[in-house]
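Listed here are the chains, written in short residue letters.
Protein chains: 2
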Amino acid sequence: MHYPQILENLISYYQKLPGVGEKSAERFALATIELKDEEVEDFSKTLKDAKKNLHRCSICGNITDEEICRICQDSTRDKNLICVLEEYKNIASFEKSQKFTGTYHVLNGLISPVDNRGPEDINLSSLINRINNLQNPELILALKPTIEGEATILYIQKILENKNVTISRLSYGIPMGAEIDYLDNITLEKALEDRKRISE
Amino acid sequence: MHYPQILENLISYYQKLPGVGEKSAERFALATIELKDEEVEDFSKTLKDAKKNLHRCSICGNITDEEICRICQDSTRDKNLICVLEEYKNIASFEKSQKFTGTYHVLNGLISPVDNRGPEDINLSSLINRINNLQNPELILALKPTIEGEATILYIQKILENKNVTISRLSYGIPMGAEIDYLDNITLEKALEDRKRISE
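Order-wise, the sequence lines are chains A and B. Numbering-wise (my numbering), the first sequence opens with residue 1 and increments by one. Numbering-wise (my numbering), the second sequence opens with residue 1 and increments by one.
No wet-lab data here; the hints were simulated from the structure. Just so it is clear, the structure is predicted and the values come from calculations on it, not from any experiment. Any given hint could turn out to be false.
To be verified - Computed list of lysine-lysine pairs in DSS-like fashion (alpha-carbon distance at most 30 Å, straight line):
hint	chain 1	residue 1	chain 2	residue 2
1	B	K89	A	K48
2	B	K158	A	K52
3	B	K23	A	K89
4	A	K52	B	K16
5	B	K196	A	K36
6	A	K52	B	K36
7	A	K23	B	K158
8	A	K89	B	K36
9	A	K36	B	K23
10	A	K48	B	K144
11	A	K144	B	K45
12	B	K144	A	K52
13	A	K79	A	K52
14	B	K158	A	K16
15	B	K96	A	K144
16	A	K36	A	K23
17	A	K36	B	K36
18	A	K45	B	K144
19	A	K36	A	K16
20	A	K23	B	K144
21	B	K144	A	K36
22	A	K16	A	K52
23	A	K16	B	K79
If we strip away everything but chain A, and leave its shape as in the complex, we get:
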């Protein structure tokens, strides 16, 4: 305890942020008190307001400060095309690329028997509801290639078996710019399996 109590308190709050250790938290706290009065005032207000006003979109589970998120509200987006994601954070990656014109569905987790997380613990029933109300729904499962991701993909595939819905998953393979030498075996195996024909 070399600093005044209020400064120590601020440091310990910064340490609650992901990947922020004691040294960084100290730097952040000291930098904070160097900011202008009105900046700190507004930072403090923004923090409180963000927590108060943000919640999940009632359709897709994206984060929003309205009842329905901006993507679900957008009439230009294809409501029949739904990209299924683990977390709402993943949406940003797709939106940045500006290639995807459909909507999203955030599962808020993946099925994981090891962690005792079953299909009822993730945001799946609302996905089924959405699909039931669509004419020609198409699902893109953009889940990470892990045991949990695969388990979730298999489960979704199974429960939608008898429904009129097109399902695809993201392709697995070599990431752009990678050196073949440095690739792990499993990625290489998947890239072979999923190889794409380029001549007739």
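Go by the hints and put chain B onto chain A.
Relative to the frame of chain A, chain B by itself:
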């Protein structure tokens, strides 16, 4: 702009912290809204209060929430021994070692002709005042070994020439645990110059 405005605002505030880029700020903001309501409430309050209540100690320039900092208030500390530092942040390093029982004086900068910063731009006159009120003052100049640090050391030496004050600087040399092979020339040169006799 993939997030609600309030979330974007929070992200941009986190980006004002040192070394925090867009990605980290995003992670911090998303983690913030996962915190408990009362935690965010208190974080927000702490931020505002820290800015409002913290200022410089009127004696030494350390950061404090009182008129005079805890170190200057402490009657067990040797008031005749003053360790001169560039920034109040440096105090923490000395306090952590628990070896220093004197007091501090924070210059809040160093003399730097290149940056047009002269002796009157740093917290020097109050140091002279402190020394004038002491019987047998001793100064330890703990300034970094750069052109600015050396310039400041030389200046302090010069203005205190005719006063009854003992002045020393930190020793230069090899840092503990370093490999001789990897040392830069200047450090090695200084370590030779400042070599310490260990036998008669």
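Checked hints:
1. B/K89 - A/K48: holds (29 Å)
2. B/K158 - A/K52: violated (59 Å)
3. B/K23 - A/K89: holds (11 Å)
4. A/K52 - B/K16: Distance ~22 Å between A/K52 and B/K16 Cα, so the pair holds.
5. B/K196 - A/K36: Violated, at about 48 Å.
6. A/K52 - B/K36: Measuring from Cα to Cα gives roughly 11 Å; hence the hint holds.
7. A/K23 - B/K158: violated (36 Å)
8. A/K89 - B/K36: holds (19 Å)
9. A/K36 - B/K23: holds (24 Å)
10. A/K48 - B/K144: violated (40 Å)
11. A/K144 - B/K45: violated (38 Å)
12. B/K144 - A/K52: Cα-Cα ~46 Å, so violated.
13. A/K79 - A/K52: Distance of about 29 Å is within 30 Å: holds.
14. B/K158 - A/K16: violated (48 Å)
15. B/K96 - A/K144: violated (45 Å)
16. A/K36 - A/K23: holds (23 Å)
17. A/K36 - B/K36: holds (27 Å)
18. A/K45 - B/K144: Answer violated: A/K45 to B/K144 is near 38 Å, above 30 Å.
19. A/K36 - A/K16: It holds: about 24 Å lies between the C-alpha atoms, which stays within 30 Å.
20. A/K23 - B/K144: holds (20 Å)
21. B/K144 - A/K36: Cα-Cα ~28 Å, so holds.
22. A/K16 - A/K52: Holds: A/K16 and A/K52 sit about 19 Å apart, inside 30 Å.
23. A/K16 - B/K79: violated (38 Å)
When held up to the earlier numbered hints, the structure conflicts with 2, 5, 7, 10, 11, 12, 14, 15, 18, 23 and fits the remainder.
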